[in-house]
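Single-letter residue listing:
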Amino acid sequence: MKILVCVKQVPDSAETLSINDAPPRIIYGDASVFRMNRYDEFALEEALLTRERFPDCTVDAVSVGPQRVRSTIRKALEMGADQGIHILVESGEYVSPLARASLIAEYARSRSYDLVLAGIMAEDDMEFQVGQVLAELMGLPCATSVMLQEMDRMRGTVYVEREIEGGDRECLTIALPAVLTIQSGMNTPRYPSLSNVLRARRQDLVTIDPPQRWPGRETQLITALSYPDAGSPGNFLEGSTVDKARGLIRILHEHSLL
Amino acid sequence: MYTHVYIIALHAQGKIAPETYEAVSFARDLGAEKKTILVLGTLPQVEHMARELAERTGIAVTGAVAENLGHYSAEAYKSTIRTLIEGTSPFALCIPHTAAGYDFAPGLATALEVPCITAVEGLSEGSFIRSLFGGKIRAHVKPSTPSCVVTVLPGAWQAPAATQGSAPDVTIVPAEARQETTVPLGLKRAAARDIGFADAEVIVSVGRGIGSPQNLSLIRDLAALFPKSAIGATRAVCDLGWLGYRHQIGSTGTTVSPRAYIACGISGAIQHLSGMRNSQVIIAINTDPHAAIFRVASCCIVEDLTTFIPVVIDEYTKRS
Chain A
2 MKILVCVKQV PDSAETLSIN DAPPRIIYGD ASVFRMNRYD EFALEEALLT
52 RERFPDCTVD AVSVGPQRVR STIRKALEMG ADQGIHILVE SGEYVSPLAR
102 ASLIAEYARS RSYDLVLAGI MAEDDMEFQV GQVLAELMGL PCATSVMLQE
152 MDRMRGTVYV EREIEGGDRE CLTIALPAVL TIQSGMNTPR YPSLSNVLRA
202 RRQDLVTIDP PQRWPGRETQ LITALSYPDA GSPGNFLEGS TVDKARGLIR
252 ILHEHSLL
Chain B
418 MYTHVYIIAL HAQGKIAPET YEAVSFARDL GAEKKTILVL GTLPQVEHMA
468 RELAERTGIA VTGAVAENLG HYSAEAYKST IRTLIEGTSP FALCIPHTAA
518 GYDFAPGLAT ALEVPCITAV EGLSEGSFIR SLFGGKIRAH VKPSTPSCVV
568 TVLPGAWQAP AATQGSAPDV TIVPAEARQE TTVPLGLKRA AARDIGFADA
618 EVIVSVGRGI GSPQNLSLIR DLAALFPKSA IGATRAVCDL GWLGYRHQIG
668 STGTTVSPRA YIACGISGAI QHLSGMRNSQ VIIAINTDPH AAIFRVASCC
718 IVEDLTTFIP VVIDEYTKRS
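Those protein sequence lines, which keep their order, are chains A and B.
Each residue of the first sequence is one higher than the one before, starting from 2 at the first, in our numbering.
Each residue of the second sequence is one higher than the one before, starting from 418 at the first, in our numbering.
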């Protein structure tokens with residue numbers, strides 16, 4: 002059995018980012034530190050837990066992006082993935098969910114994965130899309146916001162519970178192969194083990210060069226980037242820590258809460 | 418410039434999801450000449466819901482009925498909607514950005530070979546506005562195709578006021594919903610989460626900015642100043658196991674509206690805001706002056722919780 006996990010590299014904090022106006026793009030400051038998207042950590046952990054249940058299982062981790070994303074793929078190996086695949090997209094420009102999913106589909110299509118996992122969303126672009134688009138491109142069923150999955154290999158299905166509004170869960174079974182997008186809190190992502198860290202250091206990543214023109218590259222464009230309007234009635238308390246503490250107590254008092 | 422837009426109504430247990438009406442307001446703001454609402458399900462619920470939608474919005478409604486539309490499934494929704502809109506060239510399909518909406522919208526768009534623009538919270542000169550990086554940056558996105566699928570962020574538009582006058586007709590059509598790879602098995606309700614949110618006048622809520630679970634005692638001490646208080650948390654704090662999921666406030670947790678909400682170390686991700694933005698007074702304490710939470714707070718305090726909360730407690734004790 003083969004599992005593919007889509008992992009995205011994101012900046013650790015938005016503090017180090019700024020905006021370039023023309024062309025509109027995000028500038029990652031020199032102090033930027035990159036790491037794996039947290040939702041993808043849950044997806045990877047779920048793949049590794051599945052491999053523990055089914056010893057014939059292998060787990061591949063794939064990421065689309067420039068050279069720097071290799072550190073995130075390596076992190077996936079350190080956590081326990083068997084193989085790391087880097088789809089190299091050199092430019093730091095915006096890659097739409099359709100383009101990203103197309104590149105992954107191109108790689109995955111001929112490799113008969115039984116299960117493809119991804120985080121429900123990426124912390125940077127917050128689009129909630131790559132898993133669903135990938136499923137559609139590969140002609141596979143998909144469930145999002147998954148909090149529980151149990152594979153039934155005899156039947157070739159997976160039982161899934163998806164978390165919806167208010168914490169309720171929608172239950173369904175879908176046919177394998179399938180794509181699942183994982184909600185945070187589904188499991189506890191592990192720390193890398195020393196043996197996996199050593200293995201990851203030696204192991205080569207598979208590097209895939211994308212075609213000159215990728216499908217979906219230009220279907221949506223970012224025309225501008227901006228900082229949100231300050232437009233809140235927000236009143237910033239000024240002064241020393243003690244002044245602010247007194248200000249807060251006064252406000253709570255005015256509202257008869259203290 | 419816009420011609421025809423569709424709004425896909427979402428529902429649970431025979432009730433229209435309120436986010437559907439917000440998507441209707443969004444569709445109105447697009448300025449489309451023709452609008453159609455689609456609602457998918459089984460009889461007799463679809464007919465009731467179609468009438469309610471038509472009466473409340475004054476927009477023509479098509480109800481699609483198939484036996485296997487009794488429970489939501491992405492597969493059935495995608496195939497049914499494709500058939501319903503066949504032959505029309507809509508400018509946009511507007512779908513609420515809920516757990517069902519974002520489940521099928523991207524796949525539907527892909528099948529239609531149009532882009533999907535998700536979690537849209539504003540419009541500007543023909544572009545859709547959406548948040549990046551937890552709300553720190555806003556992107557203006559434009560489809561480069563004549564059609565697109567848009568998911569509308571809950572809470573970004575207000576539901577329209579009920580329309581006066583006679584409601585337009587509703588059309589009920591039989592549908593053929595594909596259901597080959599999915600078997601929906603129904604809903605499991607969340608375990609009771611009551612930790613006194615409903616009775617609390619003040620909710621002191623904590624985010625990752627608290628730094629470590631050891632600092633939670635500060636939050637408890639702050640909450641203890643108020644006669645009726647409860648402790649809330651962001652999803653991230655619950656995911657880390659620092660507090661149980663019963664404390665979670667936000668789109669997949671509890672929605673609260675206390676007299677005062679004190680957000681401690683909460684950045685203000687949209688999923689959290691949707692669960693607390695109707696609180697009467699919102700006070701936010703965060704070290705980052707650009708945190709998104711400050712845009713919904715009426716009282717903003719840029720301080721480190723570990724130094725600030727002890728000072729508040731000290732000042733209050735001195736006073737009383």
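Keep in mind the hints are simulated off the structure, nothing from the lab.
This one's a predicted model, so the numbers in the text were calculated from it and none came from an experiment.
Each hint should be verified, as a subset may be incorrect.
Derived DEER-like restraints, expressed as beta-carbon distance ranges [unchecked claim]:
#1 G431(B) x E219(A): 41 to 49 Å
#2 A578(B) x T17(A): 42 to 50 Å
#3 D446(B) x R251(A): 38 to 46 Å
#4 I20(A) x E472(B): 41 to 49 Å
#5 A578(B) x D210(A): 54 to 62 Å
Per the computed footprint, the stretches of chain B lying under chain A, defined by three or more beta-carbons under 8 Å from a beta-carbon of chain A, are [stated by the list, open to error]:
#6 547-559
#7 578-584
#8 646-658
#9 715-724
A virtual CB, placed ideally from N, CA and C, is assigned to each residue, including glycine.
| request: Go ahead and decide if the range 42 to 50 Å is satisfied by the Cβ distance of A578(B) to T17(A). | output: Cβ of A578(B) to Cβ of T17(A): about 44 Å, so the range 42 to 50 Å holds.
| field | Verdict for I20(A), E472(B) (Cβ pair) under range 41 to 49 Å | value | Taking Cβ atoms as reference, I20(A) and E472(B) lie about 45 Å apart, which means the hint holds.
| said: Taking 8 Å as the Cβ threshold, is the statement that the stretch 547-559 of chain B is covered by chain A upheld or broken by the three-residue rule? | reply: holds (count 13)
| Okay, the stretch 646-658 of chain B and chain A, do three or more residues pass the C-beta test at under 8 Å? | With 5 residues closer than 8 Å to chain A, the stretch 646-658 of chain B meets the three-residue bar; holds.
| Counting residues of the stretch 578-584 of chain B whose CB is closer than 8 Å to a CB in chain A, do you get three or more? | Per the Cβ count (0), the hint is violated.
| said: Holds or violated: the 54 to 62 Å window for the beta-carbon distance between A578(B) and D210(A)? | reply: Roughly 56 Å apart at Cβ, these two residues keep to the hinted range, so it holds.
| task | Could you check the hint for me, namely that D446(B) and R251(A) are 38 to 46 Å apart, CB to CB? | result | holds (40 Å)
| request: Using the Cβ atoms, figure out if G431(B) sits within 41 to 49 Å of E219(A). | output: holds (42 Å)
| query | Do three or more residues of the stretch 715-724 of chain B come closer than 8 Å to chain A, measuring C-beta to C-beta? | reply | Held - the stretch 715-724 of chain B has 7 residues with a Cβ nearer than 8 Å to chain A, which meets the minimum of three.
Hint check: a violation occurs at hint 7 only; the rest are consistent with the structure.
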